[in-house]
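Chains as they are written, first to last, in this note's numbering: chain P, 219 to 354; chain R, 219 to 354; chain C, 219 to 354; chain E, 219 to 354; chain W, 219 to 354; chain G, 219 to 354.
In short, the hints are calculated from the structure, not lab data.
We treat Cβ as the ideally placed atom computed from N, Cα and C, and that holds for glycine.
Hints should not be assumed to be uniformly reliable.
Here are a few chain C residues that face chain R, going by a calculated C-beta distance under 8 Å [claimed, not checked]:
#, residue
1, Phe236
2, Asp242
3, Asn245
4, Gly250
5, Val275
6, Ile280
7, Val284
8, Leu288
9, Glu292
10, Asn311
11, Glu350
Label pairs and their computed distance ranges (CB to CB) [to be verified]:
#, chain 1, residue 1, chain 2, residue 2, range
12, P, Ser241, W, Arg328, 51 to 61 Å
13, R, Pro255, C, Ile336, 47 to 57 Å
14, E, Asp354, W, Gly334, 24 to 34 Å
15, R, Gln325, C, Ile336, 25 to 35 Å
16, W, Lys251, E, Arg247, 48 to 58 Å
17, E, Glu287, P, Gly353, 47 to 57 Å
18, W, Lys251, R, Gln325, 39 to 49 Å
19, E, Thr239, G, Lys251, 51 to 61 Å
Covered stretches of chain W, going by a simulated chain G footprint (3 or more residues, C-beta under 8 Å) [said to hold, decoys possible]:
#, segment
20, 266 to 279
21, 296 to 309
Protein chains: 6
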Amino acid sequence: MAVSVCRIAHFNAAHRLFNPTFSDHENERVFGKCSNPNYHGHNYKLEVWVKGTIDPVTGYVIDLKVLKELIETEIEDRFDHKNLNLDTTEFKNLIPTAENICVVCWQLLRDKLDSGLILTVRLYETERNVVEYSGD
Amino acid sequence: MAVSVCRIAHFNAAHRLFNPTFSDHENERVFGKCSNPNYHGHNYKLEVWVKGTIDPVTGYVIDLKVLKELIETEIEDRFDHKNLNLDTTEFKNLIPTAENICVVCWQLLRDKLDSGLILTVRLYETERNVVEYSGD
Amino acid sequence: MAVSVCRIAHFNAAHRLFNPTFSDHENERVFGKCSNPNYHGHNYKLEVWVKGTIDPVTGYVIDLKVLKELIETEIEDRFDHKNLNLDTTEFKNLIPTAENICVVCWQLLRDKLDSGLILTVRLYETERNVVEYSGD
Amino acid sequence: MAVSVCRIAHFNAAHRLFNPTFSDHENERVFGKCSNPNYHGHNYKLEVWVKGTIDPVTGYVIDLKVLKELIETEIEDRFDHKNLNLDTTEFKNLIPTAENICVVCWQLLRDKLDSGLILTVRLYETERNVVEYSGD
Amino acid sequence: MAVSVCRIAHFNAAHRLFNPTFSDHENERVFGKCSNPNYHGHNYKLEVWVKGTIDPVTGYVIDLKVLKELIETEIEDRFDHKNLNLDTTEFKNLIPTAENICVVCWQLLRDKLDSGLILTVRLYETERNVVEYSGD
Amino acid sequence: MAVSVCRIAHFNAAHRLFNPTFSDHENERVFGKCSNPNYHGHNYKLEVWVKGTIDPVTGYVIDLKVLKELIETEIEDRFDHKNLNLDTTEFKNLIPTAENICVVCWQLLRDKLDSGLILTVRLYETERNVVEYSGD
Chain P
219 MAVSVCRIAH FNAAHRLFNP TFSDHENERV FGKCSNPNYH GHNYKLEVWV KGTIDPVTGY
279 VIDLKVLKEL IETEIEDRFD HKNLNLDTTE FKNLIPTAEN ICVVCWQLLR DKLDSGLILT
339 VRLYETERNV VEYSGD
Chain R
219 MAVSVCRIAH FNAAHRLFNP TFSDHENERV FGKCSNPNYH GHNYKLEVWV KGTIDPVTGY
279 VIDLKVLKEL IETEIEDRFD HKNLNLDTTE FKNLIPTAEN ICVVCWQLLR DKLDSGLILT
339 VRLYETERNV VEYSGD
Chain C
219 MAVSVCRIAH FNAAHRLFNP TFSDHENERV FGKCSNPNYH GHNYKLEVWV KGTIDPVTGY
279 VIDLKVLKEL IETEIEDRFD HKNLNLDTTE FKNLIPTAEN ICVVCWQLLR DKLDSGLILT
339 VRLYETERNV VEYSGD
Chain E
219 MAVSVCRIAH FNAAHRLFNP TFSDHENERV FGKCSNPNYH GHNYKLEVWV KGTIDPVTGY
279 VIDLKVLKEL IETEIEDRFD HKNLNLDTTE FKNLIPTAEN ICVVCWQLLR DKLDSGLILT
339 VRLYETERNV VEYSGD
Chain W
219 MAVSVCRIAH FNAAHRLFNP TFSDHENERV FGKCSNPNYH GHNYKLEVWV KGTIDPVTGY
279 VIDLKVLKEL IETEIEDRFD HKNLNLDTTE FKNLIPTAEN ICVVCWQLLR DKLDSGLILT
339 VRLYETERNV VEYSGD
Chain G
219 MAVSVCRIAH FNAAHRLFNP TFSDHENERV FGKCSNPNYH GHNYKLEVWV KGTIDPVTGY
279 VIDLKVLKEL IETEIEDRFD HKNLNLDTTE FKNLIPTAEN ICVVCWQLLR DKLDSGLILT
339 VRLYETERNV VEYSGD
């Protein structure tokens, strides 16, 4: 009996989209105002979905308190109130698009979860722009 | 042509997480403040997704008025403004975690739906804790 | 590495549910107040999900500005502030249920998207009634 | 001790903005796509706020079940799944802008409420357009 | 220059509406299913608004981290995951309607805030039932 | 007959809280992680409320299309996808707390609105932190 459980978290960060192999003009053409050299920022909302079987002793797939703390340690402590381009190792050589942030969050959490659990991460960059990754 | 339709409903209930085979100390250690002997409660939000083919005569997969009434009869009348531990038969011997509540809602609705329809139930226990079950 | 990205859009439209082969009485019986001959209306909310691989040069699956413009051209310009029954060709001979509107939006967008991208459309007719279609 | 209580309700309606003393061209210039002759529509969300003293016997300012039924009788039965221009007496000679709909809802509820209660009505025409009236 | 700032918090609690001077039948008549003897519960959402002047040295009316901690100490520690009727002193002799809970939260916070600040508390008992109190 | 109308808008920006007359240690003590020298960011949501009388010719207090364009010109073009500390003149010598951003938005809009209209601006910095200013 496979059930999915989800914990929702948030982090607020600055970022800038640009490709260092592009000219300034090319970055402006591809990324528009998202390439502002002085950065802009977002309230990122993260949905972390974990699918597995219910433990009959606890009624839990995973204790959501444990999942909440894992998200705090792996994601919030790393990215909250940070400049993704300047303050993190993950985006030193990776453009911090919503797609890439979502995949990085998935990888950071995947490494810490029991291998029997299936993980999906959904990231809201704004109310109208969303990304999801399941490791496919 | 398989389309999913969803009706959203709510019920407000008290519950307590505890395993009768645990000591008080063990219940406190595993379930924390959720094991408060005097109960606490939630506004549960339920998304009921039904997948099937569109009837060309009506343009419906299922009449959402019918689905709404089914949720009222099977779920809301049973659980709304109730104590899940004390007032229901379903959780007499089953810990009312969000996972188990979601599976029970799925089973109650599954019994009443045409077998050609695929059912998924998503349950929000809080704004940040969610569970989903599809019968896998 | 397959990632899904989503852009959310809105359109406000009038419609009426009725089957021209039904008697007035039959339309009233099947569609209830949704068959009001003078129409009623909704704020439709549309989630357009596109799944594909991340382009390493841009970090994008699809530029969301491009997807936003595609939704404006194909969906909003066609349906926003319109009467779906009277002002559109798509619903001249198709009952504008949420199911059919969702499938039509999927088809309009599918025709314009690269064939390597997987498309899912989710349509909220109200806060509590939702439909989703993935082309299955 | 003056406390405000609020009940939230919804109605879905078609409407059209136009002034019969205007030319078609003038209606188009002033109201834009909102003057589409075939109508468009909205999910209207209504917040009804009632301010008064708490009855120490019940702990209520007003029983929200009573307020809910009053909104159903006075507002929902009148406007839900209707064409505001064609199906109502209130907007036969009054342009159904969000402002005027809000004032009309306030007047309909004001007539039925105890004169000791202060009434405020807030109307959401879309997620981003809102109107409020307090009888000033 | 008077600016209002708001911090939003949550607590999940069980409660029951009943007046001990009423007969069972009278409690049932007045409070309906809210008087279930075994309790039900809610996710309460609390908006705490504080109005005052901006300190030019910090740009703050009040440090929202301080306000957040005050709400945790005064409200969440007291009411979260509790049975309001059984586990609190505040509702031993006061019916825990949304109105009374809102006024009690206001009083608890008012005692701890600088007297130069104006306080308003808004409490959501459900998505559709809300209460507000400003000390009038 | 005084009615309030509201238009909701958004802008995404980077910022940093610090007082240049403070030591680094003092900035860290007062502003915590909000003083990160490399900035962080938010999705700011802005509610612009305008109160006035309904024009009987149009049924409008103010044409919301006009208000929407005013917010775009005065607020979004100035602050969206910007670093508030580095890219704006308004916050060169003013700490960009939510309080100060709200007051600045109010002032920018106040200058462009008819003096007969009353203006209130509400700013959401996150889902849980909100500020409101009415010019008092």
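We went through each hint and held it up to the structure:
Checking Phe236 (chain C) against chain R by beta carbon gives a least distance of about 10 Å; that is not within 8 Å, so the hint is violated. With 8 Å as the threshold, the beta carbon of Asp242 (chain C) stays out of range of chain R, its nearest partner Cβ sitting at about 16 Å, so the hint is violated. Among the interface hints, the one on Asn245 (chain C) is violated; its C-beta lies about 10 Å from the nearest C-beta in chain R, farther than the 8 Å criterion. Interface hint at Gly250 (chain C): satisfied, since its Cβ lies 7 Å from the closest Cβ of chain R, which is below the 8 Å cut-off.
Annotation: interface hint on Val275 (chain C) violated; nearest CB of chain R at approximately 35 Å, more than 8 Å. Because the smallest distance between the Cβ of Ile280 (chain C) and any Cβ of chain R comes to about 23 Å, over 8 Å, the interface hint for this residue is violated. Because the closest C-beta pair between Val284 (chain C) and chain R is about 26 Å apart, greater than 8 Å, the hint is violated. Below 8 Å, beta-carbon pairs count as interface contacts, and Leu288 (chain C) has none with chain R, the closest being about 22 Å; its hint is therefore violated.
For Glu292 (chain C), the interface hint is violated, the least distance from its beta-carbon to any beta-carbon of chain R being 19 Å, above 8 Å. Nearest Cβ of chain R to the Cβ of Asn311 (chain C): about 11 Å, over the 8 Å cut. The hint is violated. Hint on Glu350 (chain C) holds. Least Cβ distance to chain R is approximately 4 Å, under the 8 Å limit. For Ser241 (chain P) paired with Arg328 (chain W), a C-beta distance near 60 Å keeps the hint of 51 to 61 Å intact.
The supplied range of 47 to 57 Å is met by Pro255 (chain R) and Ile336 (chain C), whose beta-carbon atoms lie about 50 Å from each other. Look at Asp354 (chain E) against Gly334 (chain W): about 29 Å separates their beta carbons, and that is inside 24 to 34 Å. Range check, Gln325 (chain R) to Ile336 (chain C): about 31 Å between beta-carbon atoms, so the 25 to 35 Å window is met. For Lys251 (chain W) paired with Arg247 (chain E), a C-beta distance near 54 Å keeps the hint of 48 to 58 Å intact.
The beta-carbon spacing between Glu287 (chain E) and Gly353 (chain P), approximately 51 Å, falls within the hinted interval of 47 to 57 Å. Separation of Lys251 (chain W) from Gln325 (chain R) is about 24 Å and departs from the stated range, judged on CB atoms against 39 to 49 Å. At about 60 Å, the CB distance of Thr239 (chain E) to Lys251 (chain G) agrees with the hint of 51 to 61 Å. Residues of the segment 266 to 279 of chain W with a Cβ under 8 Å from some Cβ of chain G number 7, which satisfies the need for three, so the listed coverage holds.
As drawn, the segment 296 to 309 of chain W meets chain G at 0 residues by the rule of a beta-carbon pair under 8 Å; below three, the given contact is violated.
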